[in-house]
Amino acid sequence: MKELNDDMDQLFRSSLDAEESPVRENAWNRLDHKLNATELDLYKRKTRIYRSATIILGLLLLGGGSYEFLIPSRNAVSENKALQPPALAERVSRQNEVSGKSTGNTPDNLNNAAQTTNRPSSVTNTNTDKVFEKGGADTRQVPETSHPDQHSNRITSHSVTSIIANPKPQTNGTSAFPLSPAAGAPASYGFKTKEEGAGNGINAGLETEPIGTLLEKEPGFMLPAIMEQNPVPLSSDGQRNAVAASGPGTRLSRFSVSLFFVPDITGRHLTKDHDEDDKLNGPDDDFDQRESPSFSYHTGVKVGYDLTNRWGIYTGLNYATLFQGLKASTVYATSTNNEAPHFVLNTSGGSATLPNVNGPPLPSDSLSIGARSLETLRFIQLPLLIQYSILKNNRITIYAMGGPSLDVLFSEQIRVEIPTPNGAGEVHTITGLTGVNHFSMGFMAGMGLKYDLNEHFNLLLEPVFKCLLTPINNNTQVKSYPFSYGLSFGIGYHF
Amino acid sequence: MNDLIKLCSKNDRRAQNELFKLFSPKMMNVCLRYSKSREEAEDTLVEGFMKVFDHISKFRKEGSLEGWIRKIIVNTAVEKFRKKGMLYATLNIEEIKEKDFSGPDILSEMSADELMHMIQALPAGYRMVFNLYAFEGLKHKEIAEKLGISEGTSKSNLYDARAILKKEVELSRRQAKVSNE
Chain H
5 MKELNDDMDQ LFRSSLDAEE SPVRENAWNR LDHKLNATEL DLYKRKTRIY RSATIILGLL
65 LLGGGSYEFL IPSRNAVSEN KALQPPALAE RVSRQNEVSG KSTGNTPDNL NNAAQTTNRP
125 SSVTNTNTDK VFEKGGADTR QVPETSHPDQ HSNRITSHSV TSIIANPKPQ TNGTSAFPLS
185 PAAGAPASYG FKTKEEGAGN GINAGLETEP IGTLLEKEPG FMLPAIMEQN PVPLSSDGQR
245 NAVAASGPGT RLSRFSVSLF FVPDITGRHL TKDHDEDDKL NGPDDDFDQR ESPSFSYHTG
305 VKVGYDLTNR WGIYTGLNYA TLFQGLKAST VYATSTNNEA PHFVLNTSGG SATLPNVNGP
365 PLPSDSLSIG ARSLETLRFI QLPLLIQYSI LKNNRITIYA MGGPSLDVLF SEQIRVEIPT
425 PNGAGEVHTI TGLTGVNHFS MGFMAGMGLK YDLNEHFNLL LEPVFKCLLT PINNNTQVKS
485 YPFSYGLSFG IGYHF
Chain B
30 MNDLIKLCSK NDRRAQNELF KLFSPKMMNV CLRYSKSREE AEDTLVEGFM KVFDHISKFR
90 KEGSLEGWIR KIIVNTAVEK FRKKGMLYAT LNIEEIKEKD FSGPDILSEM SADELMHMIQ
150 ALPAGYRMVF NLYAFEGLKH KEIAEKLGIS EGTSKSNLYD ARAILKKEVE LSRRQAKVSN
210 E
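Chains H and B supply the protein sequences, listed in that same order.
Here the first sequence is numbered in this note's numbering, starting from 5 and rising by one per residue.
Here the second sequence is numbered in this note's numbering, starting from 30 and rising by one per residue.
Possibly wrong hints are sitting among the right ones.
As a list, the in silico DSS-like pairs of lysine-lysine whose alpha-carbon atoms are at most 27 Å apart [said to hold, decoys possible]: (1) H:K50 with B:K39; (2) H:K38 with B:K168; (3) H:K38 with B:K206; (4) B:K184 with H:K38; (5) H:K50 with B:K206; (6) B:K170 with H:K38; (7) B:K35 with H:K50; (8) B:K170 with H:K331.
By construction, these hints were calculated from the structure, which means they are not laboratory data.
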């Protein structure tokens, strides 16, 4: 019985295993349709991921900025308790005793000097406190005297911005505080001062003198400054503090310029007119099946003008691309106005008349275009953006921006693969599509992070959303409103 | 073939079409054996080739491409069967006595189409087990794991499937005899 079974299995196997069964053409069409749908799904999934990443990045920028903004003041409060100015004076005195030198500036003197201004509390103010930094400078902030025009923060009087403990002994002048560098103590203390109109406190108009020398020369010199208002915000970085002390407002110009590059993930919103012709021509989801928007990019230059400390206005010139893959599809020969029939490829971004590679077609002849076809639209964009700085820290600024843009379509082309009788495909590039609008209105919005590298240069990171408010095409089966999500990388220069 | 695989993995539709044309007739035959109808077989074929194109970049060229595709198609058929649920018909199979069955000789006289129809006419569960055992060469343990049934069920299904096939073959032989007379 077993042998009989095995024989039967074997005979079934030998009779059927090597057989082939014809497959209907319909099977490939179904498969092709499914593959297209899968590709579209994949693209949509990528779009969703990119969009989510952009939103998350935006939120992180906001959260990170808030954190940066809030934490330094917490540090300042805690460090304030650790070292009050009397303690500073005591330490200076103690170290003077150790070094065997006397300057006459005892802790009492210092305190008395402060008391003569009736503002001893200003010395112990949070913002006059000390910040220790690993390997950095020991900086004590004191308020600076500012011009009443606070929004520009231009320094119009001789002002003290901070007391710096330099790691190296001062060589200019007589050191009244010959602090011992031993035990990690700073070598000496000095003033950071700014002269009128000098701009940034670090690079221009900043002088550092031993504190003792200054007090000897002008015992009351520091005190009016200390009495003034507007303490400079602290950070955990002495150097950054100095930048903050100078502040963005100390820049001489309100103009800035930036260069940027934005990889975009694109899509388009399609609408159709609900007249009979369009219904006959087919639904707009046909275009969704036949076209696949792909990754594009835009790049350009942006010029900004600071209206106030927080508000700015920006414009510029962008070069933007919009790529759209065209899947394999069949086009039919049509004839208009008694002209010879020709193949017309309709896309959501315009129509292209295809060359007659295989000779003049007859009406209703069909042509299968290959899957490696691509439509490319190139724009020049002129945006006008309003920017608002949500958070400003020492080096970091987080802002939101938005505004209209004029989009000028200056080049449109379709690269299409047309099969030839020998089975190969010829690639043709067709320029000048019909049914496109060369001028469209768009809208851009986004959030950004600006990181100051130094006084002038900064890095920019901006998640940007861009869309057209008017369609890019006209007199076509559907109206197409392209949009894109991008992450802008840029470098800026503040004059 | 390597170029074709490369192009397919890049989603080149022309290459995919070529690969489909090359292997689909053989795979359709496989699908037909696992299906009740041509439509069902075509569904399996399309679904199977979707998976083929999706994973073709992972093909390691250790075996033949045909064998790899076939494995995917068979797995697709099994998956479809499992999704539908276990449809094991309880058939009242008449005992086919050994002496009634004319033996394998008669099979060689039958056309491939006739044999295919016999397999397709089997209840889904029996068809699965018979195909996996007789054509794919799997053991009962492997079949049981693949279909999520017990080894005993696999054995009894195979036994029943063979019984039905024998009966069909015998019936076919008798009809042929009558028509000859």
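| Violations among the numbered hints, reported as their numbers in ascending order | 2, 3, 4, 5, 6 and 8
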